[in-house]
Amino acid sequence: MDISGQIVLTALMAVFLFGVVLFLARATDWRTYTPLAGAGSGIVSREGGYGHAEKPAGIFRWLTTVDHKDIGILYGVYAILAFAWGGIAVIIMRAELITPGIDVTQALASSMGVSNGQNLYNGLLTSHGITMLFLFGTPILAAFSNYLVPLLIDADDMAFPRINAIAFWMLPPGAVLIWAGFFIAPFVDSVAPSMASWTMYPPQSVSQTAQGGAASSIAQLNAGTDLMLLGLHLTGVSATMGAINFIATIFAERGPEVGWDKLDIFSWTILTQSALILFSFPLLGSALVMLLLDRNFATTFFTTDGGGTILYQHLFWFFGHPEVYILVLPPMGIISYVLPRFSGRKLFGFKFVVYSTLAIGVLSFGVWAHHMFATGIDPRIRASFMAVSLAIAIPSAVKTFNWITTMWNGKIRLTTPMLFCIGFVGNFIIGGVTGVFLASIPVDFLLHDTYYVVGHFHYVIMGAIAFAVFAGVYYWFPLVTGRMYQVTLAKAHFWLTMVGTNLTFFAMILMGYAGMPRRYATYDLITVGPIDLIQTMHVLATVGAFILLVAQIIWLWNMVQSYMEGPRVGPDPWNLEEDGVDSREWDWFDDRLDTALTDGGEPQDTEADA
Amino acid sequence: MTATVSDRLRGRRVVVGIYLAVVALAGVFGAAVGVLLPVESGRDIQQASFAGIEFAVTPLNFAIYGIVMVGVGLGLLLLAVRFVSRFDDEAV
Ligand code: HEM
Ligand SMILES: [Cu+2]
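Here the protein sequences come in this chain order: R and G. Heads up: the first sequence begins at 1 in UniProt numbering, then just goes up one per residue. Heads up: the second sequence begins at 1 in UniProt numbering, then just goes up one per residue.
Be a bit skeptical, because a hint or two may be false.
With a straight-line Cα cutoff of 25 angstroms, these simulated SDA-like cross-link-like pairs (lysine to any residue) come out [unchecked claim]: (1) Lys351/R with Met69/G; (2) Lys351/R with Leu76/G; (3) Lys411/R with Leu9/G; (4) Lys491/R with Arg8/G; (5) Lys399/R with Asp89/G; (6) Lys491/R with Asp449/R; (7) Lys399/R with Ser49/G; (8) Lys262/R with Arg10/G; (9) Lys69/R with Tyr520/R; (10) Lys262/R with Leu37/G; (11) Lys346/R with Ala26/G; (12) Lys411/R with Gly27/G; (13) Lys351/R with Val92/G; (14) Lys491/R with Arg13/G; (15) Lys346/R with Arg10/G; (16) Lys411/R with Leu37/G; (17) Lys399/R with Val35/G; (18) Lys351/R with Ala24/G; (19) Lys411/R with Ala51/G; (20) Lys346/R with Ile64/G.
Derived by calculation from the structure, the hints in this document are not laboratory data. The structure presented is a predicted model; accordingly, all values stated were derived computationally and were not measured.
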């Protein structure tokens, strides 16, 4: 297309976008979110607190809000969009792996502006990993903590509501930058989605071209990687700002009745998580800036004549391992919070659960080199990291023990959130035990960079973290929407997710035993196990992935449909009072409901999930 | 508001039920590993031994191995849970 054609197109696009903005601005009846029946403009403030009066209507309300509950919902919606992106990426990858050769990605590559199937696969792999960890994992937890922590600790809002909003609004541009390679690739030959993988190891991440090889000059580098690094940096800054806000909020904004001894388990895990973020994300930020300098300004931090590639790995994993606990601690908090409610009792050994949270927080900074056993670092250093890595399993085991004992002496109601809690415990045991094996140096030599590792961390990330997220979503769905979800769909979602997770990731563990290396688009040239056996396992993993896809579609449908038309709930939708396990956020809900009732809303009876 | 006390299950029944399901699953997984190890090229593993006992790598043997290992491992954990739960003041 010639230049003037492009200008015309750009102008038309601008006019169109302007029209969209105008339309959105005028759509004042944009489904104004009010958690409860007919609360009108929805200003209800608890005694003493300041309400968020005079929220503008329509889309501007969401663009300008500083209310922690609204920001929590924004985080949630954002994270679910990212979950969809990462999910679609992995579905394409799993489709590719049904056969040993290259086919699906090869067919898609040219239409997506990528030079070949392998490069597209690597781009999807990179995008999947980074998206799930930084754009889905961290934000979905922020959704829970933003909405709930101020309610649980009886604060009026976060300590710094505006910083809270800024932290969120850094994320959408972050995502656009991280995904930018995909958007630009169809139009510009020298740009492709970054293929650096989520660990971004140099020398590759410093020198890769859009065609996959090593660049001979800076001018040939794939700008997709630069954009991704900048986007990641933005999300790191966002997470750090959020963490500082939570620390300040939990320290300074607790209500008069919430002493340290009364702090709930979820807020404890958020406090610990925030401390981990505060100490580890700056490392990621520094490493990213050094990478950018190496790529664009010919510095040599991570070239062999500079600090070397091992320096990068140390910096990255000093962030990277705490990051996995940043992702797992709040889900553990959700489980510790929800599981006892449906066991009809208090959490067994509350204090020890808090101590083990703190212990994990501290120890998680002492294990990073277990990701580097195979790099040839000093064996004495290796051994000490092995010892700490084994030790960190102890506090995790303490928690598991407490959850099981809580159930043992409880009366259990198998509601959907409870099913997800039980699923969490089971999958977490498998994920943790496979991790302990990896922490043993000789075993790691055998399994490093095979699918076993992929199986290990997905048992934790999908099998445990995502399960806890679902437990939380179902448990607090009535709190946020004032409505109940559809129980049958929810149970179908649970069972499909449970079966899909175990099918996919157990097949991966077996493939790891057979020696299948990770991060390959094809396996027709490998020399490990017999190819038809490997293929059978890949097919099983792909079937599991498609089961997971179907399950998540059911979930999304259930959430949207129930939010619009689900039956309204009463003040105690889970009958917690009957067991004496009611808690502050539901008292708050009750208050709001009362206010709404005097306003003329009428709640109907609901079917509880039992 | 239908969840009444009658819908509730004794916690220990649930826990033991999950235990049995997990042990059975360990048998299936063990069998899968038993299929896999002997055919893996380059390693050719036919014999395994544990605590001095030698056995051939077959799906059945590995299924038994999985059931015994997981059964004993988690079983000990459950015994510990049972013991500790006596000191649980908040039992219902
Ligand atoms: C329970 C104790 C755990 C231990 C002892 C452990 C141990 C390990 C080890 C040694 C590796 C390196 C394997 C290799 O590359 O060869 C590893 C990888 C990994 N683990 Fe864990 N892990 C544990 C829990 C977790 C948890 C809770 C998560 C996630 C929240 C997690 C996420 C990961 C990830 C993402 C990797 C892959 C890193 C890579 O890209 O190579 N692990 N784990
Ligand atoms: Cu680690």
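Taking the hints in turn, this is what the structure says about them:
no.	hint	in the structure
1	Lys351/R with Met69/G	violated, 32 angstroms
2	Lys351/R with Leu76/G	holds, 24 angstroms
3	Lys411/R with Leu9/G	holds, 5 angstroms
4	Lys491/R with Arg8/G	holds, 17 angstroms
5	Lys399/R with Asp89/G	holds, 18 angstroms
6	Lys491/R with Asp449/R	violated, 36 angstroms
7	Lys399/R with Ser49/G	violated, 33 angstroms
8	Lys262/R with Arg10/G	violated, 29 angstroms
9	Lys69/R with Tyr520/R	violated, 42 angstroms
10	Lys262/R with Leu37/G	violated, 53 angstroms
11	Lys346/R with Ala26/G	violated, 31 angstroms
12	Lys411/R with Gly27/G	violated, 29 angstroms
13	Lys351/R with Val92/G	holds, 19 angstroms
14	Lys491/R with Arg13/G	holds, 21 angstroms
15	Lys346/R with Arg10/G	holds, 15 angstroms
16	Lys411/R with Leu37/G	violated, 43 angstroms
17	Lys399/R with Val35/G	violated, 35 angstroms
18	Lys351/R with Ala24/G	violated, 34 angstroms
19	Lys411/R with Ala51/G	violated, 40 angstroms
20	Lys346/R with Ile64/G	violated, 38 angstroms
Going down the numbered hints, you'll see the structure goes against 1, 6, 7, 8, 9, 10, 11, 12, 16, 17, 18, 19 and 20, while the others check out.
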